[in-house]
Amino acid sequence: MKHVVEKIGSLVRARDGALTQELVQHPGSFGLGKVPARLAPDDIVTMVCGFCSTGCGLNVHMKDGHAINLSADSSYPVNLGMACPKGWEALTPLSAPDRGTTPLLRNERGEFEPIDWERALILFCERFKEIKAKHGPESCAFLGTGQIVTEEMALLGALWKFGMGFLHCDSNTRQCMATSHVAYKQSFGFDAPPFTYADFEESDVLVFVGSNLCIAHPIMWQRVMRNKHRPEIIVVDPRKTETAMAATQHYAIQPKSDLVLLYGLANMLIASGWIKRDYLKAHTTGFEEFAEFVTRFTPDVVSAATRISVDDLWRFAQTIADGKRVSFWWTMGVNQSHESTRTAQAIINLALMTGNLGRPGTGANSVTGQCNAMGSRLFANITSLLGGHRFDDDAHRAKIAGILKIDEAVIPRQSSDAYDQIVQGIAEGKIKGLWIIATNSSHSWINQNDFNELTKKLDFLVVQDMYHSTETAQRADLVLPAAGWGEKEGTFINSERRYGLVKKVSRAPGQALSDFNILKLIAQYWGCGDMFRAWSSPEAVFQLMKDCSRGQPCDITGITDYRMLDECGGVQWPFAECEADLPSAGAGGNGKSHDPQASALGGQQVHPTSERRLFEDGRFFHADGKAKFFFEAPRPVAEPVDAEFPFVLLTGRGTSSQWHTQTRTGKSDVLRQLYPANIYLEINPVDAERLGIAEQSKVRIASRRAEIVATAFVTHTVQPGQVFLPMHYAIANQLTYPEFDPYSRQPSYKSCAVAVTPLGG
Amino acid sequence: MTALLEPEERTLIDELLAEQQRLTAVERFAQKHERHALPAQARYYQDLIPLSKPQPGEQYAFGVDLDACTGCKACVSACHSLNGLDEDEIWRNVGLIHGGTAAAPYQQTVTTACHHCVEPACLEGCPVRAYEKDAETGIVRHLDDQCIGCQYCVLKCPYDVPKYSPKKGIVRKCDMCYSRLTADEAPACVQACPNGAITIRIVTKAELTARLAPGDQLLPGAFDSNYTKPTTAYATRRPPPANASAGNARTLRLEHAHWPLIWMLVLTQLAVGLFLVAAFASEQLPLAATAFAALNLGLAVSVLHLGRPLGAWRAFLGLRTSWMSREIFAFSAFAGCGGAFTFTTMWPRLAEAIPALHRVEAFVQPAQFTPLLAVLTTLLGLLGVFCSVMIYVDTRRAFWESSFTNTRFFGTTLLLGAAGSAAVLGWWQVITGAPAGAAAGLCAAMATVFGAALGGWEATNLRAALRSSDDPNHRSALTIWKLCRPLLLARFVLLAGAVLCGLAALASTGWPAAAWATGSFALSFPGQIIERFFFFTAVVAPRMPGGVTA
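Chains as they are written, first to last, in the working numbering: chain S, 1 to 761; chain P, 1001 to 1550.
Here chain S stands alone, though its shape is the one from the complex:
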């Protein structure tokens, strides 16, 4: 009877059933807490995220050997159980319908037709060989990426230069981190970002220059929020960004007045005696010349250039002086500039003169962009020979040749042309064949229309990508379908120099192959397969990388293997064999000595899991062990505003849920709901009213290069006279002006002159 009543009750009010069951949660085991029952994993593996350089650890939920879900890893030392929306959605783009599943060849009708790998590889090699035979080894180039694993970068760079005998190549790290690379190399003697993320928590003053950390690196911002010292947070940014809102001091300088500001601060600090003379004397060179140089940047001069009041400038300087542990952080606002290297070095100079280096909570710290920009900087074999060596150094070439067991003669002596020089080479007819790997130049390259026009001049354009739909792939003669993050193994190096592991948790669609496998095949079909016999797997390459790093500042000979990286939650470089204190892994030092100068840790025994910063002993990587002051007179931007184009166009990240050209983040239904579907222009209410631009109305934005239409978002967060466009929408880079920093050759994306007019409607 009771049963019948219950039955009738549940018929009238159904508390359970198939729909309810869909969301029922079960204890997730593996320390996950509750998870949806239908997505309960039978195993867990941890790997680093493949979007930005934070390098978060993600727990991939596995069922029958395959990834079905993921969550942030609570014990990974980087992200402490957190991830940004891109990380949470990292698996989704793998199953997008526009994944490349077979090589595609453009036929006579201009359409793509699927071909098999055999044909694709034969064609690839024939065409590049033809061009090389006809126009020489400098007639082809590749444009690589900071998005593939280090082992693939190393193989790509080695194959291209040593195996295929070409010279020119670059990667999209030119667009994000080239400046930091050059700035550190010149100032410290090696490309060595000195910090560890714990420094975010240890500072009592944090200075962010050109960094919207809150949305560009939310998981680093998490570490700022964990800071228990009630820190002063200073943000230097023309816009009132999310980070500027969260700051205790915001200096909304005029665009590209940062170098003047930084020199002015240096002048004020020196003039007030707020500097560490002892440190300067013991650990730096060139300070006196620098001090003399900056005297011309008086508070009045700086105030006029930055439009920050003299009082505020003093407050800024005073805050730095009062700080016991001041850390300086910069990102693309600095790196993407016409004088970016000197600007980055102006920040480094401030840290050096105030003694804010090598101690907890200090540092001149470049926050990296892409997940493996750091890997690219060390191992892409582009500007530096594998492992941060020099192409023009005989000893370095001999060392690498010995490790790789190749003829030293195949290692070129000169460095490659930079991205912009390669593009210029196409324009001049010098570059005839181009191979683009995992980057979307047709969207992201500055003054995009020019680039896209130039691709028509190429004899052969190959695009190797996860998606056949990217703007660049659509222009290719041959598309090679690549496996992506999560479909292959290898390592990324994050912002704080931490090697993290990427694992194979998902099957690549169709005939897509990892870049590593594609490169192996190309080596075979090119006829240089024997040279890469030892490069049998990503982990084998990792062992070669270790050998290459030996004795270098980035020595990682103490890392036994992938298993050790996995056990430790990643390991920061340097981690040399002699430093290794490995009670568990049992790979203790073998007593081999190495150049003490190469170790930033002063040779003490360290545990691989400890968070480590560089320069604690004040020894830098220049031959004299000292850091160098670099400086240069600021110069105006190449395209200042004028009557015809009266607005400065700023570009940058739109939201935390968008990544670069959106080839992946555009594939997630969740992420797509977290950013505007179409391009929008942020414009100040004063300008909007003057021009008759209503909120949400369409505006035309014109530069000397192109004209685009966007929706107006009227907001005080941009200053009058400035407008902001998010970079993720394909048309934004039609407007940008191709100016480059002379040292890093990084494009200046954040300054060009535009006119804005209402379209009505």
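For the record, the hints were derived by calculation from the structure and aren't laboratory data. A hint or two may mislead.
With a straight-line Cα cutoff of 25 Å, these simulated DSS-like cross-link-like pairs (lysine-lysine) come out [unchecked claim]:
hint: 1; chain 1: S; residue 1: 430; chain 2: S; residue 2: 457
hint: 2; chain 1: P; residue 1: 1133; chain 2: P; residue 2: 1168
hint: 3; chain 1: P; residue 1: 1482; chain 2: S; residue 2: 698
hint: 4; chain 1: P; residue 1: 1133; chain 2: S; residue 2: 7
hint: 5; chain 1: P; residue 1: 1133; chain 2: P; residue 2: 1229
hint: 6; chain 1: S; residue 1: 430; chain 2: S; residue 2: 456
hint: 7; chain 1: P; residue 1: 1032; chain 2: S; residue 2: 63
hint: 8; chain 1: P; residue 1: 1205; chain 2: P; residue 2: 1173
hint: 9; chain 1: S; residue 1: 134; chain 2: S; residue 2: 430
Quantities reported herein were computed from a predicted structural model and do not represent experimental measurements.
Dock chain P against the given chain S, drawing on the hints supplied.
Chain P in isolation, oriented as in the chain S frame:
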């Protein structure tokens, strides 16, 4: 000849393609994860959820520290992934409020999900009691298997919380991770916020209600909290400036049209109008029959609106609080009564056609019930329309405010009832040769007057709302004006045409009069469909502040 005996050689391509498909992550790296480990994330969230359970009179509530919400939106993704939601389904969202001055610009991102209100409007509106406010925790839970997919909760909630899935045919919503909280685990969003901005608090319901002042809102741009008494608290040391508004405050968007409802409303109102005229007319049969047909068509179409129509019989459960239940009941009774009324008007002709039926008259005279049924039908019909009105009025949306909705719905009833009756009676007279009464002409005259009056009323309102940005319907008017101008034009052309046809009908007799009257109806009916399209699409659906739209 040995080559023939050798197995076919595998090429490097074959080898690497095979290698690419071999997944090795588990066998190589799963060792470090213990199967039976306790929730590892607890160390970060244990301070963010209460130690104790709510006492009687208390409930759980979200707390948001706006100073710590910096727009990363991890909460949205984590909620999606940890709850196993559909590909495009999100239960949490992050919006933006901004404003300030050039000297002091202001922007603030805002994370928002279900507010687990003290008086949940979703729950009150649900016709089948698919919502319950958990007695112990106060969490507003949705019973997915009970839901019939009527989506009325979507209209009722002023925070746009319940999300309808056409694929599943039901709505789903945030349940504050009920099963996690009951196991002392934090909800997904709380676990995932890198800055610990989201917490779970215990609040006293009576205190929360007592503290509410008129006009209180959770955030600038949010709905009046007095309606549902939301429990979420947003805290900040940087109060938003007076001019702060939502990132999408000026965004015009067409809301869901709900086509089955458009047709259902217009057809049922036509039916009520026809029955109304029938109650007074001397020729009741053609009007009642047409009305009954329109009514059934309308009710049949309305079923298409439901995601799971088979559960609709449970609609009696909501009678106590839901106007949707009441409407369903009123119209069911109306249909029954209207059917009986129609049947009795047909009786004499039926009995004539089938003489055997006369035997029934020995026991009962069906025709004698006609007057009573006419009155009952009309009353039930009007009650049904009133319930329809109240469904929308009860959402407290400005564009659906009582006098507007009453005018629209009863106006439609009168207009279509009169225009339809004029046509039906006109043709009835032509076909049957019944004596030409004044009824058809009177109906045509009324249709003309109602058409002109409705058109004039609407045009006046639209003009006023367009001109004044303070008008509560300014955005609705802009939506119609900017996004649907051709349809707006069509609406007025149709109405004008209907009025002209009505006048022509008045000036004619015989079949031309019937034809003009039919024309008048044929123009006013689609005119009302367009009016109802605007009704649904141009309404401003209240939401929590949203982000930039483009």
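Unsatisfied constraints (hint numbers, rising): The structure conflicts with no hint, since it agrees with every one listed earlier.
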